[in-house]
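J.: Each chain, letter by letter, is given below.
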Amino acid sequence: MTALGYAGGDLKIELGRRYRFAASHRLHSAQMSDAENARIYGKCNNACGHGHNYTVEISISGDVDPATGMIANLADLDSFVQREIIEPFDHRSLNEEVDAFRAEVPTTENLCIEIYRRMQAFPLAKLERVRVEETSNNSFEYAGDEAVSDSDGAL
Amino acid sequence: MVLLTRKIEFSASHRYNNPALSPEENQRIFGKCNNPHGHGHNYTLEVTVAGEPDPVTGMVVDLADLKKLLEQEVMKRMDHRHLNFEVPELAGQIPTCENVARVIWNLLEPKIPQGRLHRVRLYESPDLFADCFRNGAGRNGSAS
Chain A
1 MTALGYAGGD LKIELGRRYR FAASHRLHSA QMSDAENARI YGKCNNACGH GHNYTVEISI
61 SGDVDPATGM IANLADLDSF VQREIIEPFD HRSLNEEVDA FRAEVPTTEN LCIEIYRRMQ
121 AFPLAKLERV RVEETSNNSF EYAGDEAVSD SDGAL
Chain B
1001 MVLLTRKIEF SASHRYNNPA LSPEENQRIF GKCNNPHGHG HNYTLEVTVA GEPDPVTGMV
1061 VDLADLKKLL EQEVMKRMDH RHLNFEVPEL AGQIPTCENV ARVIWNLLEP KIPQGRLHRV
1121 RLYESPDLFA DCFRNGAGRN GSAS
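Protein chains in written order, with my numbering: chain A, 1 to 155; chain B, 1001 to 1144.
The shape of chain A in the complex, shown without the other chains (with noise of 0.2 Å):
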């Protein structure tokens, strides 16, 4: 396909993608006592943990390919989603079983990171951020360290 009338240039576009898993953890940080650990996490420093359905948004950007009209191909996408995100972590405890929360708390802002650090390995689209929500009203966002700053468009 020719011409195909692209503005292009100073237009970005950017590809959301939502996904979802379901995982237990519990809030406890060995540095604290567990009087402390109790004081600040209240119910999510319980003993036996507790569990979240988990909603991941990856928002990628990049060329629209001319040929395809994609960023990255959708299947590419999700299959690296699936492999790297949800298998690890799908019904899993996320301290016992995901290694980058053996000595980090496994809060959702943790979470974000883990799964940003991860993603940026994606090698068919650039990373833009990732959210994540922990219920429908905790929400958290990481677009990596440097793009805390305004330059990374519309939210």
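If you're looking for bench data, these hints aren't it; they were derived computationally from the structure. All C-beta atoms in this analysis are idealised placements derived from N, C-alpha and C, irrespective of residue type, glycine included. Mixed in with the good hints there might be a few duds.
Below, simulated DMTMM-like cross-link-like pairs (lysine to aspartate or glutamate); rule was C-alpha separation at most 20 Å, straight line [as the list claims (entries may be wrong)]:
{"id": "1", "chain 1": "B", "residue 1": "K1032", "chain 2": "A", "residue 2": "D10"}
{"id": "2", "chain 1": "B", "residue 1": "K1111", "chain 2": "A", "residue 2": "D78"}
{"id": "3", "chain 1": "A", "residue 1": "K12", "chain 2": "B", "residue 2": "E1089"}
{"id": "4", "chain 1": "A", "residue 1": "K12", "chain 2": "B", "residue 2": "E1109"}
To give an idea of the interface, some chain A residues facing chain B are shown, with a C-beta separation under 10 Å as derived from the structure [unchecked claim]:
{"id": "5", "residue": "Y19"}
{"id": "6", "residue": "T68"}
{"id": "7", "residue": "E109"}
Here are the in silico distance ranges between beta carbons for each label pair [said to hold, decoys possible]:
{"id": "8", "chain 1": "A", "residue 1": "E141", "chain 2": "B", "residue 2": "Q1072", "range": "32 to 40 Å"}
{"id": "9", "chain 1": "B", "residue 1": "D1127", "chain 2": "A", "residue 2": "A38", "range": "34 to 42 Å"}
{"id": "10", "chain 1": "B", "residue 1": "G1031", "chain 2": "A", "residue 2": "E87", "range": "47 to 55 Å"}
{"id": "11", "chain 1": "A", "residue 1": "K43", "chain 2": "B", "residue 2": "A1020", "range": "54 to 62 Å"}
{"id": "12", "chain 1": "B", "residue 1": "T1057", "chain 2": "A", "residue 2": "E87", "range": "47 to 55 Å"}
{"id": "13", "chain 1": "A", "residue 1": "N46", "chain 2": "B", "residue 2": "Q1072", "range": "54 to 62 Å"}
{"id": "14", "chain 1": "B", "residue 1": "F1085", "chain 2": "A", "residue 2": "F140", "range": "36 to 44 Å"}
{"id": "15", "chain 1": "B", "residue 1": "G1092", "chain 2": "A", "residue 2": "Q31", "range": "53 to 61 Å"}
{"id": "16", "chain 1": "A", "residue 1": "F140", "chain 2": "B", "residue 2": "Q1114", "range": "30 to 38 Å"}
{"id": "17", "chain 1": "A", "residue 1": "R117", "chain 2": "B", "residue 2": "G1092", "range": "37 to 45 Å"}
Starting from the structure of chain A, add chain B where the hints point.
T.: The following block gives chain B in isolation, referenced to the frame of chain A:
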């Protein structure tokens, strides 16, 4: 700077097929989106306008004007249409979320009656969407 967002929904059919590729390649790349008879979606469009509230009306943009513009440019053009065959602005393009969002941006941007177009977000389903905005438009609406 205040951002105002108006949401509309439309339904349309489409098919992903690049005539420059073989049927096998189309099938491999686009999967079920290449089904020869096409398929459809309920699209949700969010249009965000940025500006300062008018000191007299308190509005960034008159919503009635914005609604009219969306009716004229988007609903009439795309609602209950086949995006491959009935939307000339998409001719020669695969009607992906990315491309449809950009076409909508180009239709709306010159005609926004007050303020300026900040972002077009087009949901093809609740789990898939494309954002279109000007490179360098700040996250909170300011130029950066």
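J.: Find the hints from earlier in the document that the structure breaks and name them by number, from lowest to highest.
T.: 1, 2, 7, 10
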